[in-house]
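From first to last, the protein sequence lines are chains A and B. At the far end of the first sequence sits residue 475, using this note's numbering, and the numbering has no gaps. At the far end of the second sequence sits residue 192, using this note's numbering, and the numbering has no gaps.
Honestly, I wouldn't trust all of these hints.
With a Cα cut of at most 30 angstroms, we get these calculated DSBU-like pairs of lysine-lysine [said to hold, decoys possible]: (1) B/K187 x A/K371; (2) A/K355 x A/K93; (3) B/K187 x A/K171; (4) A/K243 x B/K80; (5) A/K427 x B/K115; (6) A/K425 x B/K177; (7) A/K141 x B/K48; (8) B/K115 x A/K171.
If you're looking for bench data, these hints aren't it; they were derived computationally from the structure.
The lines below spell out each chain.
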Amino acid sequence: MLKTDSSTIARILAKGILLAVLFILINACASYYQRHFDFNSEFEHGDLRQALETLRRNENESEGKSRFIYFVNKGLLLSVLGEYQESNDYFEKAFLFGEDYRINYINEAASYLTNPTFTVYRGEDHEHLMLLYFKAINFLKMNKPDDALVECRRLNIRLNQLSDKYSSEEKLQRNAFIHTLMGIIYQSTRDYNNAFIAYRNALDVYENDYARLFGMEPPEQMKIDLLESARRIGFMEEYESYKTRFEMLDYEPQEYDADLIFFWHNGLGPVKDEWSINFAIRRGSGNTMIFSNQDLGLEFPYQVESEKDRSDLGSMEFFRVAFPRYFERPLYYQSGVLESNQVTYPLELAENISKVAFHSLRQRMMEEFAKGLLRAALKKAAEHSLREKDDRLGAVLGLVNVLTEKADTRNWQTLPHSIYYSRVKLKEGKNMVTLSLNGGAKEEDPYSFTYEVKRGQTLFHTFSSLETSAGYRFY
Amino acid sequence: MAKTLTTLTLLFIDIACQTRTVTRIAPDTPMDLSGRWNDSDSRMVADKMITELLSSPRFKEYAAGHEKKPAIVVGTIRNKTTEHIDAGAYIKKLEVAIYNSNIAELVESEEFRDKLRVERAQQQDFADETTVSQWGKEIGADLMLFGEMTSEVDTHNKSRVVNYITTLFLTDIETNKRIWYGQQEIKKYVKN
Numbered sequence: 001m002l003k004t005d006s007s008t009i010a011r012i013l014a015k016g017i018l019l020a021v022l023f024i025l026i027n028a029c030a031s032y033y034q035r036h037f038d039f040n041s042e043f044e045h046g047d048l049r050q051a052l053e054t055l056r057r058n059e060n061e062s063e064g065k066s067r068f069i070y071f072v073n074k075g076l077l078l079s080v081l082g083e084y085q086e087s088n089d090y091f092e093k094a095f096l097f098g099e100d101y102r103i104n105y106i107n108e109a110a111s112y113l114t115n116p117t118f119t120v121y122r123g124e125d126h127e128h129l130m131l132l133y134f135k136a137i138n139f140l141k142m143n144k145p146d147d148a149l150v151e152c153r154r155l156n157i158r159l160n161q162l163s164d165k166y167s168s169e170e171k172l173q174r175n176a177f178i179h180t181l182m183g184i185i186y187q188s189t190r191d192y193n194n195a196f197i198a199y200r201n202a203l204d205v206y207e208n209d210y211a212r213l214f215g216m217e218p219p220e221q222m223k224i225d226l227l228e229s230a231r232r233i234g235f236m237e238e239y240e241s242y243k244t245r246f247e248m249l250d251y252e253p254q255e256y257d258a259d260l261i262f263f264w265h266n267g268l269g270p271v272k273d274e275w276s277i278n279f280a281i282r283r284g285s286g287n288t289m290i291f292s293n294q295d296l297g298l299e300f301p302y303q304v305e306s307e308k309d310r311s312d313l314g315s316m317e318f319f320r321v322a323f324p325r326y327f328e329r330p331l332y333y334q335s336g337v338l339e340s341n342q343v344t345y346p347l348e349l350a351e352n353i354s355k356v357a358f359h360s361l362r363q364r365m366m367e368e369f370a371k372g373l374l375r376a377a378l379k380k381a382a383e384h385s386l387r388e389k390d391d392r393l394g395a396v397l398g399l400v401n402v403l404t405e406k407a408d409t410r411n412w413q414t415l416p417h418s419i420y421y422s423r424v425k426l427k428e429g430k431n432m433v434t435l436s437l438n439g440g441a442k443e444e445d446p447y448s449f450t451y452e453v454k455r456g457q458t459l460f461h462t463f464s465s466l467e468t469s470a471g472y473r474f475y
Numbered sequence: 001m002a003k004t005l006t007t008l009t010l011l012f013i014d015i016a017c018q019t020r021t022v023t024r025i026a027p028d029t030p031m032d033l034s035g036r037w038n039d040s041d042s043r044m045v046a047d048k049m050i051t052e053l054l055s056s057p058r059f060k061e062y063a064a065g066h067e068k069k070p071a072i073v074v075g076t077i078r079n080k081t082t083e084h085i086d087a088g089a090y091i092k093k094l095e096v097a098i099y100n101s102n103i104a105e106l107v108e109s110e111e112f113r114d115k116l117r118v119e120r121a122q123q124q125d126f127a128d129e130t131t132v133s134q135w136g137k138e139i140g141a142d143l144m145l146f147g148e149m150t151s152e153v154d155t156h157n158k159s160r161v162v163n164y165i166t167t168l169f170l171t172d173i174e175t176n177k178r179i180w181y182g183q184q185e186i187k188k189y190v191k192n
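Next comes chain A alone, as it looks inside the complex (with noise of 0.2 angstroms):
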């Protein structure tokens, strides 16, 4: 009897042991989306209050090392609902982090011994930008347009650092749409003149940049309010000279109450995901040791001083080493289209955030490899040096390391897709507008919104359609 009691707390103790370490390794292997799946399937089913309610349970993120994306998802979510004051506390504290932010080296040095998990997320450049885009658009619907103002400098500040930032053409040193937005801002607060030249950037970004990249051309809007601006500074040369360029010659400025800017917020933005390749490892010439993967044509030659950490390194055959890529969550609407007062406004491509993702990543790939395979070099000899003082624990490294390797995956998941807008004339009282989606799998009836408006003002509103044609999957 007794014998059977003890057979069977070691058959318990042993599954306990089992599933406490399966449990580590799918949370080690774990994304960051799967790490936050209860927050990010009430966010993309729409159930807002109780995926805001699931983020303030999580509190304690916003000390961690992804804190910036807890800031940035409380901010966008409490945008979303209509609470414009505390989703900017929260923006700005997302600011106030991008602005503080030091490298840690001793965190960095420990993410080249485990993984780049470790270190604190610094967010990707187009993070930074739209974080100031929701920022100002959320104090323009507050009437606050001097504070708006504020982002659209700072706007223009963090766009001279990206250009500074990068040397290459290839990589995106402009934003088009953030120009466009700066254009609008302006606009909007009859500084004519600082939004003419911020259309002007943007047309330039738009025509060259985006065109090359994304194969994006400048919306049309963009265009005439480009004429406009230009018109109300009173730069008539411009004004013809751009009204010859677009072929808008009959052109003719419309007399209007007031203005609805309307941004359509387009579907979800890329999953940051995982994938592994297997690197082999040979001596080149000299002291040069050669990683390379035949199958995707990488090769990374790495000069190693010593012999003996180059037989160390030949004796191992191949490793793997794990990195970032996006996942697209692909259109489920594909055009957009309101109508007010019998006038019809299309809905115009301003942004294409997942392309701009997507190409910001793949322009980083080669340093992804170079960081990845130091990464897993250094774990490589740290377990073989421990191998030769003692088998066995050199073994046990050898597991957490492979455990332990995986990219990092930590992205802003709850930004939209794609984002277009459309400049509404409207009189001044009361205006029905109605907002037509189109390409979904079914016919859906439009939208309807009621806007009350002064002489002279302009409104701004956002809508978020969070519908893809087909969700992240992970399994």
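Got chain A sorted already, so can you dock chain B onto it with the hints?
Same frame as chain A, now just chain B:
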């Protein structure tokens, strides 16, 4: 490899010990970081324009030819460059110099005039009669200062040359006659 690892870790720890430093510097210290328009450029434009304006024989002649000191209002400074430049930064320096020179009076610009008129209108209804500001006593400006900023940019590979041209005019509102004309060019060569 273990040696490399130790060196790497020590290097990281060494760098990690570095802390952020903030240094106060004299406002007139020229600091060029990005090569774009900055406070040093605003100051150079303001200093040059102030000297030119106050020593301009035509302006002195105009001021002497009037019984009272001429009143100047600042109009629009149009920015045709590719950068968002706040012309107010050097215009305010110019205003201070004109005000302190005692050669001319300054009249509030359109933006502030409107605010003053709103305040005056409210005083008519709510303020003590003996303290109410009266309508029709504003000083009409004799001269308007306005101008334009342009830039010519030439780029090749990682080099950029930008020539900023700031032009200011002081014009007689009654006759449209240009009383003073100042121009300042700042050329920058930026190599990345």
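Each hint, compared with the structure:
1. As the CA atoms of B/K187 and A/K371 are separated by approximately 41 angstroms, the hinted pair breaks the 30 angstroms bound.
2. Annotation: proposed proximity of A/K355 to A/K93 holds, straight-line Cα distance about 27 angstroms (limit 30 angstroms).
3. Proposed proximity of B/K187 and A/K171 is supported: the alpha carbons are some 28 angstroms apart, at most 30 angstroms.
4. With a C-alpha separation of about 18 angstroms, the suggested pair A/K243 and B/K80 falls inside the 30 angstroms cut-off, and the hint holds.
5. Between A/K427 and B/K115 the alpha-carbon distance is near 27 angstroms, which keeps this suggested pair within the 30 angstroms criterion.
6. At roughly 42 angstroms between alpha-carbon atoms, A/K425 and B/K177 are farther apart than 30 angstroms, so this suggested pair is violated.
7. Between A/K141 and B/K48 the alpha-carbon distance is near 43 angstroms, which puts this suggested pair outside the 30 angstroms criterion.
8. The straight-line distance between the Cα atoms of B/K115 and A/K171 is roughly 47 angstroms, outside the 30 angstroms bound, and the hint therefore fails.
Hint compliance for this structure: hints 1, 6, 7 and 8 are not met, and every other hint is.
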